[in-house]
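Undergrad: Residue-level listing of the chains:
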Amino acid sequence: MQQIINFVIKNKTFLLFLLLFSISLALTIQSHSYHRSKFINSANSLTGGVYGLFNSVDDYFDLEKENEILSEENRRLREQLFNLNTSSENSFIDSTYTNGKYKVTRAEVYKNSYSLSNNYLTINKGENDSIKEDFGVITSKGIVGIIDNTSGNYATILSILNGNSRINAKLKSTDHKGSLTWDGKSPHYTQLEDISTFAPIKIGDTIETGGESAIFPKGIGVGIVESFKTDIGGDTNTLQVKLFNDMTNIGTVYILENIDKDEIKALESTSNE
Amino acid sequence: MNNVVILNSVRFIVLLLAQVIICNNINFLGYINPYIYIIFIFLFPIKDDRLAFLLASFLLGMLVDMFSDSGGVHAAASVCLAYARPILLKTSFGMLYEHQTIKFGNTEIGSLITYITFGTLIHHFILFTLEIFNMANILLILQKTLFSSIFTIILSVLIIILFSRNKK
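Line order of the protein sequences matches chains A and B. So that you can map any letter, position 210 of the first sequence is 210 in this note's numbering, and since no number is skipped, the others follow by simple counting. So that you can map any letter, position 97 of the second sequence is 97 in this note's numbering, and since no number is skipped, the others follow by simple counting.
Mixed in with the good hints, there may be bad ones.
List of simulated lysine to aspartate or glutamate pairs, DMTMM-like, C-alpha gap at most 25 Å [as the list claims (entries may be wrong)]:
#: 1; chain 1: A; residue 1: Lys202; chain 2: A; residue 2: Asp231
#: 2; chain 1: A; residue 1: Lys172; chain 2: A; residue 2: Asp129
#: 3; chain 1: A; residue 1: Lys202; chain 2: A; residue 2: Asp183
#: 4; chain 1: A; residue 1: Lys12; chain 2: B; residue 2: Glu108
#: 5; chain 1: A; residue 1: Lys10; chain 2: B; residue 2: Asp49
What the simulated footprint calls covered on chain B by chain A, stretch by stretch (three residues with Cβ under 8 Å from a Cβ of chain A suffice, anywhere in the stretch; the number is not a length) [unchecked claim]:
#: 6; region: 34-41
#: 7; region: 49-60
#: 8; region: 65-73
#: 9; region: 117-127
For the record, the hints were derived by calculation from the structure and aren't laboratory data. Glycine included, C-beta positions come from ideal geometry on N, C-alpha and C.
Just chain A, with the same shape it has in the complex:
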């Protein structure tokens, strides 16, 4: 016993180092699996408050750009209003309102990262605004990600620029579906995997959300096909998708709540049993 205590006292620095290192290693490993980064995240009042304080300064520099985005969105919505019968190419925002199944909340982005291999955004809406895990997040141009962690007034978004993100998406022209992933290289491109080789793919085709999950409605824009190559197996293609959204410059986002989500989940779990 005496020897054990002596050993601990003698090597206390090394033992503390080992302890702290393993804690951080465990947190790191946890953060590499989806929906596990529960303890250390920026959806809390300390980080949210600090980001909020400095975001109000930052906002002034982006006013001009935000205005441009807003007036562009206004123009598009007005165009749709005047041509209600003709389905314009960019009608994906419209579909969220007409279905009546989705509740839309506006939020401001406090923190956006895109240079890491697992990126998250922090926004200024949380549980108090009835934002919960697994809500979809979009901008006027296309998808951004999925709500990951929430606190009272803040929430983090698992960006589509995240190695853990897998979002159901499809070709606009046909119904061939695949999952949207990110290889960690460029913030302007994501990859659409598992598209069957039978699908007629052309460079420049539009990719939109597939609507298979209850998170995103069908038909929200993702990007256009930049290039594609056949996988080693030969059955599926992987598409390089150029995003509509400039993920490096996101100021305001819309959060989508599927009102029927609980019903869909309950139905799916009963049919699985």
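Using the hints, position chain B against chain A.
TA: Relative to the frame of chain A, chain B by itself:
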């Protein structure tokens, strides 16, 4: 003694805020960010308790992680750097360290740069290895380590010279 504690606490908070509000958003050429918060680890008083030093480094790394949603990568890298610091001090300052008489404000600039270069390289290599977490991307890890290190080293040396050299 109290003075030292206050100085280090202020340095801790200022560097943390500067890191998460300014440096995390630089994204030079798309992905190059400096990580200047490690200046705190470089300048921590040498004679002080090593256990407190390890804990402070861990806390700093953890807070940076919390702000940038990166799991525990900064904490792990900071703890490693803090643990490896005595070896770094010995190789870069030699005799001065043996006699425990280093004052970062008036050491030779060459030794200071060696010390910061090796420390930054160790820290950034661990940081990016854990962040990317995929040995298949070893080239990407080395590339990020190299470019971010250059950025961090230049900024760190400049900041240390600016804020401590004039107090002779």
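Undergrad: Take the hints in turn and mark each one as holding or not.
TA: Here is what the structure says about each hint:
1. Proposed proximity of Lys202 (chain A) and Asp231 (chain A) is supported: the alpha carbons are some 17 Å apart, at most 25 Å.
2. Between Lys172 (chain A) and Asp129 (chain A) the alpha-carbon distance is near 33 Å, which puts this suggested pair outside the 25 Å criterion.
3. Of the pairs offered as hints, the one joining Lys202 (chain A) and Asp183 (chain A) holds, with about 22 Å between alpha carbons and a cut-off of 25 Å not exceeded.
4. For the suggested pair Lys12 (chain A) and Glu108 (chain B), the alpha carbons sit about 33 Å apart, so the restraint of at most 25 Å is broken.
5. For the suggested pair Lys10 (chain A) and Asp49 (chain B), the alpha carbons sit about 14 Å apart, so the restraint of at most 25 Å is met.
6. Figure legend: the region 34-41 of chain B, annotated as covered by chain A; annotation inconsistent (0 residues with Cβ-Cβ distances under 8 Å, at least 3 required).
7. A stretch counts as covered by a chain when three or more of its residues have a beta carbon under 8 Å from one of that chain; for the region 49-60 of chain B and chain A the count is 5, and the coverage holds.
8. Taking a C-beta to C-beta cut-off of 8 Å, the region 65-73 of chain B contributes 9 residues in contact with chain A, enough for the three needed, and the coverage statement holds.
9. Judged by the Cβ-Cβ criterion of 8 Å, the region 117-127 of chain B is not covered by chain A as claimed, because only 0 of its residues qualify and three are needed.
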